[in-house]
Amino acid sequence: MSGERFLSTERGERLVADLTLSGVRVYAPVEAQGRTEYGLIKDLREAALGGPLPGMSLKSLFFPPTEPLFRWRQSGSEVALEAVPTTFEPMVILGVRPCDAASLAVLDGVMGWDYKDELWFGRRQAATILTIACPGFDDACFCSAVGLGPDASKGSDLLLVPVEGGYHVEIVSDKGAALVKAHPACFSDPRGRESAEAFRQQARRRVGSNLEIDPHRVRAWLAGHFEDRFFDGLGLRCHGCGACASVCPTCHCFDIVDEPEGLLAGTRRRHWDTCQTGKFTVHASGHNPRADQNPRFRQRVMHKFWIYPAKFGDVLCTGCGRCTRACPAGQNLLEILGQLDRQPQQIPEGMTS
Amino acid sequence: MRELRELAKKLLEEGTVSVVIGWEEGPRGVRPAFVTSPEDAEQLVFNSRSVHNLATYLNPRRPQVRRLGKPAVVVKACDAASVAALIRETQLKREDVVLIGVRCGGVVGRPDGPAELTPETVARRCMDCEKREPALCDHLVGEAQPAPPRGEGLGARLGALEAMPLSERWAFWAGELARCVRCHACREVCPLCFCERCVADKTVPQWIESSPHLRGNLAWQMTRALHQAGRCVGCGECERACPAGIPLALINRKLQQAVAERYNFKVSDDPGVPAPVGAFRLDDPQEFIR
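As you go down the protein sequences, you meet chains A and B in turn. Mapping of the first sequence onto my numbering: residues 1 to 353, in sequence order. Mapping of the second sequence onto my numbering: residues 1 to 290, in sequence order.
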């Protein structure tokens, strides 16, 4: 599906009003108490479009920090299970960053691999993603180094590029086309294609200068160097706090717990987990195969830049830079990727997955 | 800076220590550095962006740091109080660490932010800090420093919160804690969270629900607070690490006040001062026992 339209700022307001009126939940970056996060809006004027990158990534809306999987109730020897809904009311997310939109498409791989995660795909199906091309946020951005870009349309249904008076709209998916079709009064004939192109080029240049690596080269090196001195000091300053995983749009590990509510009922829930803590790998015996922060940080790098791409094709990183901004100890993924990219390539045969 | 670098170099050269834990200028601001060879001592810096409490690397839960051998750690006055607490609580022997004290005129809130100290940029905990240099140290370096800029410090924020009616205060904390994602970053960066197995990680029984819903988050944050009472030195690293931006330093400051009022205990960098939870006194207030 392709095609172009124009969405003026005023018509954008109308679009949000129309969607809200028809019962669609509309999300956008919202500023509150000095923080910008994706949140529910009723009026486009509540949104902080073009403001800072939201602190938490978009994944919370598709894979919440905690969610029930089912409830149980025991009566005598009978146990009744109560399922949770796996279909969701339609939602439109407006002003998504390209790095966040791409993360959804990247995560579809693991979420739909051996088991199709109903909660993930239920929300994916319900959501229409209106991405706004990003001018590049700061020096921690590196989307273009992982095969994306500040104007990438991966994972988006519509890609909006800021131009004079509104947005140049690129229709990316059938879902995006359906939204345009359902709101004919909001979208007009395409306008500002040239200035949109100029915006995109400038953004690509700006972000591109932050980090230039070849992710394939990094992957090939990692595949052959699980045991390498490079990793020996990698976790020294790392606290293992997992803030990086919390803000990461692609970190998706979860734990499953049963939470009793009284003696005879309870909820099974899943919630975010992170490989950066010792608890993540500790065995019942007390032995921990990842005994300290060096192998734990290695795992973060290996999973994102070798294991996941080998299995699902995509790098498990969209270059949003949140981990680097959030790290209280100054761990810097751009620096680490740059160092990995410069490692001499001597790949043992058969190790390149 | 010269003084600091030369001292670090000397300590490494003569083999007094195997590693100097200090700060360096990283690609995005100042960050912790682990210097193991004398020639690398040149990378050490101390300035207004040396925000991190490096005492946290003395926490026994860090085998990768312990393996480096005997450390020297650069400490501000506030960081030295953390070292004192680790010694007080028998997690560290005084002779196992060399402390390089630095004279400090306050630090900014963010190590990757502007370096200039103004009422807007200065870390809240520094606004009412009276200590320019640590007493607990083996070496003291740097020029004498002026007091940090004053501004609306933690005390003022806490006062505003305490002036709220109970329902409003509850709404405030419920709103803040609802954002907690239970990554436990607050615990992991804390120099004094050294339990080998945290009560929050125990599952048989599960004392604290691990899910980040308000019930679990409250249980976790209340437990953390009570376990820190009379121990927390107020370095604020938990709040800085929190990816959800929860103002944890307010809770810590409140606890400090409560402990000061009830047990006459003030945060100290003297390891000989007994901890209120670690010392028994016949005259401890106990009117709540009936």
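No wet-lab data here; the hints were simulated from the structure. A portion of the hints provided could be inaccurate.
[Stated by the list, open to error] SDA-like mimics (lysine to any residue), calculated; alpha carbons at most 25 Å apart, straight line:
(1) B:K202 to A:E13
(2) A:K279 to A:G313
(3) B:K202 to A:K154
(4) A:K311 to A:R268
(5) A:K279 to B:R66
(6) B:K202 to A:P68
(7) A:K279 to B:W207
(8) A:K279 to B:P63
(9) B:K202 to A:R268
(10) B:K9 to B:W207
(11) B:K202 to A:V257
(12) B:K131 to B:E143
(13) B:K70 to A:F231
(14) A:K279 to B:P60
(15) A:K175 to A:R71
(16) A:K154 to A:F88
(17) B:K93 to B:W207
Now for the hints, and whether the structure bears them out:
1. With a CA separation close to 50 Å, the supplied pair B:K202 and A:E13 exceeds the 25 Å bound.
2. Using a Cα cut-off of 25 Å, the hinted pair A:K279 and A:G313 is violated, with the two alpha carbons roughly 29 Å apart.
3. In summary, the hint linking B:K202 to A:K154 is not supported, as the alpha carbons are separated by about 41 Å, beyond the 25 Å threshold.
4. Of the supplied pair hints, the one linking A:K311 and A:R268 is violated, its CA atoms being roughly 29 Å apart against a limit of 25 Å.
5. This hinted pair checks out: A:K279 and B:R66 have alpha carbons roughly 20 Å apart, not beyond 25 Å.
6. Annotation: proposed proximity of B:K202 to A:P68 holds, straight-line Cα distance about 21 Å (limit 25 Å).
7. A distance of roughly 16 Å separates the Cα atoms of A:K279 and B:W207; the hinted pair therefore holds under the 25 Å criterion.
8. At most 25 Å may separate the alpha-carbon atoms for a hinted pair to count; A:K279 and B:P63 meet this at roughly 15 Å.
9. Taken as a hint, the B:K202 and A:R268 pair is honoured in the structure, with Cα atoms around 17 Å apart against an allowance of 25 Å.
10. At roughly 48 Å between alpha-carbon atoms, B:K9 and B:W207 are farther apart than 25 Å, so this suggested pair is violated.
11. Among the hinted pairs, B:K202 with A:V257 is consistent with the structure: their alpha-carbon atoms are about 12 Å apart, no more than 25 Å.
12. Restraint check: the Cα-Cα separation between B:K131 and B:E143 comes to about 14 Å, which is no more than 25 Å; the hinted pair holds.
13. Of the pairs offered as hints, the one joining B:K70 and A:F231 holds, with about 21 Å between alpha carbons and a cut-off of 25 Å not exceeded.
14. Distance check on the hinted pair: A:K279 and B:P60 sit about 16 Å apart at the alpha-carbon level, within 25 Å; holds.
15. A hinted pair counts as satisfied when its Cα atoms are at most 25 Å apart, and A:K175 with A:R71 does not qualify at roughly 33 Å.
16. The suggested pairing of A:K154 with A:F88 holds, with an alpha-carbon distance near 23 Å, which does not exceed 25 Å.
17. A hinted pair counts as satisfied when its Cα atoms are at most 25 Å apart, and B:K93 with B:W207 does not qualify at roughly 32 Å.
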